[in-house]
Amino acid sequence: MTTTELAAPDPGPAAPGPTPSTTLSAAQAASASREDKARISRWLLSAPALVTITIFGILPLIIIVIYSFLKAAPYGGVVWSPSIEAYVSFLFQQDIFTEELVFSPDFLQIYLRSFIFAVGTTLLCLVLGFPTAYFMATRPPRQRNWWVLLITIPFWSNLLVRTLAIMFIIRDEGLLNNILIGLKIIDQPITILYTDFAIVLGLFYSFLPFMVLPLYASLEKLDFRLVEAGYDLYASRPKVLFRIIIPLSKPGIIAGCLLVFIPALGAYVTPLILGGGRHMMIGDLIAQQFGSGRNWPLGAAQALILMSAVLVALFFYVRATTGKVKHGQG
Amino acid sequence: MVELTGLPAVEAKNVTKTFGAGPDAVVALDNVSVTIQQNEFFTLLGPSGCGKTTLLRLIAGFELPTAGSILLEGQEVAHLPPFKRMVNTVFQSYALFPHLTVAENIGFGLKMLGRRRADRDAQIEKMLKLVKMEPMRNRKVHQLSGGQQQRVALARALAPHPKVLLLDEPLSALDLKLRKEMQIELKRLQHETGITFIFVTHDQEEALTMSDRIAVMSHGKILQIGTANEIYEHPVDRFVADFIGETNFIEAEVMQRIGNRGQIRLPSGIALARELDPIAPVGGKVTLAIRPERIDLVKPGADCQLAGKVENIVYFGTDTHFHIDLDTGGDVTVRVQNRRGFQEVLKQGDAVGLRIAPEAMQVLKD
Amino acid sequence: MRAAKGVDLRSQFGFHTIAIVCLVVLYFPLLILIVFSINANDIVAVFSGVSTRWYEKAFYNEEFHNAARNTLIIAVSATIGSTIFATLAAVATTRVAPWRGQNAVYMVINLPLMVPEIITAVATLSFFALLGRTLGFNFGIGNIILAHLVFCIPFAYMPIRARLESMDLTLEGAAADLYATPFKAFWHVTLPLLMPGISSGAALAFIVSFDDFTITQLVAGPGQTTLPLYIWAMIRRPMTPEINAISTILLGISILFILISFWIAQRRKAG
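Chains as they are written, first to last, in numbering that gives the first Met the number 0: chain S, 0 to 329; chain X, 0 to 365; chain Z, 0 to 270.
Just chain S, with the same shape it has in the complex (with noise of 0.2 angstroms):
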């Protein structure tokens, strides 16, 4: 059709019946406006989760963004004007005496610290966790279906309180002392509690579940007869395993190893409860910052030095799992 016909005036009332090129026009104008309702009623649904994450989740990362570029003020909160004085001090400390900027690691040091610490956590997670997942991977579908629930209740279950019963367990005078004390193998508690020991145990115990269950997802959908077909060409069982089901899984493995590894970097509970305050991780000292008193700017960039962090993971992340679908196994 051509655009004059498009184009063609409404007929008046008293037309008398349809014309093609009018009721082409209806048709047309019905179409649109079924469009516009369409997507106004899309918006409209969408809107009260969009408003609500937008100003009561998205408004305040952008508030921190501002304030990692404000001052300090003395008692808590920040004095409007711009400073980069928050990312000076995260690496740098002002000598009292001389105001001269003297290198400082104290924070570089947190940094690291929480870095290996998750690593760890990962690693470790990753160890236990894959072969629980294969194994249940490999169990028959109403096994499988009790399995997946016994790594759910701990997956959803509270971490304070989760955190709480490894704390009853490996204090002074908890479980484990009082067990080692009663055999005689030892005669005075050993302290666990309280140190980095402790907080990556909590931290593995914490996140094994997140490991568990995206690698199971994975595994549960490989394809058993390429494993017979390993099998079959000779491969033995250690040689189908590296070679064969973990390349396979690795879509998985990545899932599992970030939803260990993110939380693991900004944990705030596992450190304060098991770390006692002596053993830092990232994500008690920038709650420490917004205690009143501190410096909220301080902690307002590393807050962010946290996200970027995150971030690189994130685009590790969606880059390894893109290439994926590029030399896709389907």
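Hints are computed from structural coordinates only; laboratory data are not their basis. If you're wondering where the values come from, they're calculated on a predicted model, not measured in any experiment. Heads up, a few of these hints could be off.
What the hints assert, rightly or not - In silico negatives: residues of chain S with every beta carbon more than 12 angstroms from chain Z:
#, residue
1, Glu34
2, Pro81
3, Ser82
4, Gln93
5, Leu111
6, Arg112
7, Thr162
8, Glu172
9, Ile189
10, Ala286
11, Leu305
Stated by the list, open to error - Taking lysine-lysine and the BS3-like style, the derived pairs with C-alpha atoms no more than 27 angstroms apart in a straight line are:
#, chain 1, residue 1, chain 2, residue 2
12, X, Lys364, X, Lys284
13, X, Lys110, Z, Lys183
14, Z, Lys183, S, Lys36
15, X, Lys162, X, Lys12
16, X, Lys128, X, Lys162
17, X, Lys298, X, Lys220
18, X, Lys83, Z, Lys56
19, X, Lys110, X, Lys176
20, X, Lys139, Z, Lys183
21, Z, Lys56, X, Lys162
22, S, Lys36, X, Lys110
As the list claims (entries may be wrong) - Here are some, though not all, of the chain Z residues that point toward chain X, as calculated from beta-carbon distances under 8 angstroms:
#, residue
23, Asp176
24, Pro191
25, Leu258
All residues carry an ideal CB built from backbone N, CA and C; glycine is no exception.
Mind docking chains X and Z on chain S? Use the hints.
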């Protein structure tokens, strides 16, 4: 019974439907016009992607036409949403509501129309009886077999007594035996309710056995509209001839023509007088369509139009198919009923003559 | 079948044992926590007989009551709000022809899952502090509810969207064909079929709100103690098995909702 207003049940006028825009646009319907009379069993027949389902969806209101108009008993409905059209659909997947019982499914349309409960219940009972599903009224959909679900889908669509019932390949999910039963059942329902049925299928046999009229579609266009007999015996073009049943195509040359009559010559040199619709010039070629069962096998040299050698014999129980290599090039298939006769003695490699009645040779448009 | 032959080609050496170890690791500490909640002794670490005295003590504890009331008010409001919002958003973003802005909507809804909790916590704290100081807004416990809404929405959204995606689109078409207006079709067809997804989403939203510690701790003002905050306060005092009893109650409620959500998912697969 539907009161006959004398107006056609459905009229599609110059309907075009395009999906997408720009260079990726797909034309699903290309300027299609069709008139479907009241109380008719009308079939849209064609291969998948020919636009038959799109036309059905336009009549139902699930799609809006890009251009053209759709009239329901003379009233323009192209712009109306589905829930404002007195048209009901039987979906290919049945689309029965899994959370409702059989009776609730059947009563759904009446409930949406705001009918009183007593009226609804009476109509539900009538429909259950019509499709012979009374004992199943309180079952959930997943407790039914495929054939039973089909009946519920029919009852649900018929319950509000629509002006037109649209059926989108409703029998394709059923096995052969059930499909045959449902074909008869559908004819009966159409007869008893007097509702216009528009039936979409890609199965030519289904179309031939059930329909009052058939529209054969391909690539978004209607190629031919006619009764089963017209379409089978007088296909207008190669596509229709090929799509409906089996057909042999033979090229012939136009020798002379006077008005729309003329003389054509078969490759074997035999001349025939034929009506020539298409504008084929003298010396030009026309294609003849000949049904395999309209060819008789005779002894070579006897009075016949074509001759060839038996290339292959396939036995089918009721009949036998002979594949004949023509002496003049090309090949044809001949279907012969398995009765005593000349064909019994034929074997591969034998020379045969082919006798074809002149009226069995249909001159195609292209 | 393969087991009959005695060899399972798919099995790997030691994996069975590791899987069992995993379960023991995950459940043993919880079991200890529960066992010591019914300890008659005053000291957490010494078990000297079964008693329900710590549950009774918690039952008559005013602070516990307040914390439980706050927790319920917050969790129930956040669950109702987030489930309604997530349902509407899921309806708008699922099974429609991809529309401009759809990806942006996904991203916004899933964003709270990607930001580490501690960052969300300090950001929300800063936000409400600013709101309070500049505009004088303070919704009291509403502050916590709003903060919870943000991270409950994506949790509620996931199962609802999954359910919608697996739903037969023609059903709504059939409803429209049978004279149901879009609203009636949603009410009589979509919503009833969506119910399992909605209840599953609501259960998840309830769990994450009910259990939240980090964000609540930073956002909560004085007197707005929730159960996790109350437990945290108890850790810092001389400990009695009452903390075990209260922890066990929390754990029990979480597990109840996990089971509900799991059961709905299983039934969905079966039917």
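Against the structure, the hints:
Glutamate 34 (chain S), annotated as away from the interface, has a beta carbon of chain Z within 12 angstroms; the closest lies near 10 angstroms. No Cβ of chain Z approaches the Cβ of proline 81 (chain S) within 12 angstroms, the least distance being about 17 angstroms, so the stated non-interface status holds. Every C-beta of chain Z lies more than 12 angstroms from that of serine 82 (chain S), the closest at about 16 angstroms, which supports listing it as non-interface. For glutamine 93 (chain S), the condition that its CB be more than 12 angstroms from all CB atoms of chain Z holds, with the nearest at approximately 24 angstroms.
The beta carbon of leucine 111 (chain S) sits about 17 angstroms from the closest Cβ of chain Z, which is more than 12 angstroms, so the claim that it is off the interface holds. The beta carbon of arginine 112 (chain S) is kept farther than 12 angstroms from every beta carbon of chain Z, the shortest such distance being approximately 16 angstroms. Some Cβ of chain Z comes within 12 angstroms of the Cβ of threonine 162 (chain S); the nearest lies about 9 angstroms off, and the non-interface call is violated. Remark: the non-interface label on glutamate 172 (chain S) conflicts with the geometry, its nearest Cβ contact in chain Z lying 5 angstroms away (cut-off 12 angstroms).
With a closest Cβ-Cβ approach of about 15 angstroms to chain Z, isoleucine 189 (chain S) is found to remain outside the 12 angstroms limit, as its non-interface label requires. Once the 12 angstroms rule is applied to beta carbons, alanine 286 (chain S) is inconsistent with being away from chain Z; the minimum gap is 6 angstroms. Residue placement check: leucine 305 (chain S) does not keep its beta carbon more than 12 angstroms from all beta carbons of chain Z (closest about 6 angstroms). Between lysine 364 (chain X) and lysine 284 (chain X) the CA atoms are separated by roughly 11 angstroms; this keeps the pair inside 27 angstroms, and the hint holds.
Restraint check for lysine 110 (chain X) and lysine 183 (chain Z): the C-alpha separation of about 10 angstroms stays at or below 27 angstroms, so the hint holds. Of the supplied pair hints, the one linking lysine 183 (chain Z) and lysine 36 (chain S) holds, its CA atoms being roughly 17 angstroms apart against a limit of 27 angstroms. A threshold of 27 angstroms between alpha carbons decides the hint, and for lysine 162 (chain X) with lysine 12 (chain X) the separation of about 19 angstroms falls inside it, so the pair holds. Taking the CA atoms of lysine 128 (chain X) and lysine 162 (chain X), the gap is near 21 angstroms; set against the 27 angstroms cutoff, the hint holds.
Of the pairs offered as hints, the one joining lysine 298 (chain X) and lysine 220 (chain X) is violated, with about 44 angstroms between alpha carbons and a cut-off of 27 angstroms exceeded. As the CA atoms of lysine 83 (chain X) and lysine 56 (chain Z) are separated by approximately 65 angstroms, the hinted pair breaks the 27 angstroms bound. Distance hint between lysine 110 (chain X) and lysine 176 (chain X) is unfulfilled; the C-alpha atoms sit about 35 angstroms from each other, more than 27 angstroms. This hinted pair checks out: lysine 139 (chain X) and lysine 183 (chain Z) have alpha carbons roughly 21 angstroms apart, not beyond 27 angstroms.
Note on lysine 56 (chain Z) and lysine 162 (chain X): the hinted pairing is violated, with a Cα-Cα distance of about 73 angstroms set against a maximum of 27 angstroms. With a C-alpha separation of about 26 angstroms, the suggested pair lysine 36 (chain S) and lysine 110 (chain X) falls inside the 27 angstroms cut-off, and the hint holds. The criterion of a C-beta within 8 angstroms of any C-beta in chain X is met by aspartate 176 (chain Z), whose closest approach is roughly 5 angstroms, and the hint holds. Checking proline 191 (chain Z) against chain X: minimum C-beta separation of about 5 angstroms stays under 8 angstroms; hint holds.
Annotation: interface hint on leucine 258 (chain Z) violated; nearest CB of chain X at approximately 24 angstroms, more than 8 angstroms.
Going through the hint list in order, the structure does not satisfy hints 1, 7, 8, 10, 11, 17, 18, 19, 21, 25.
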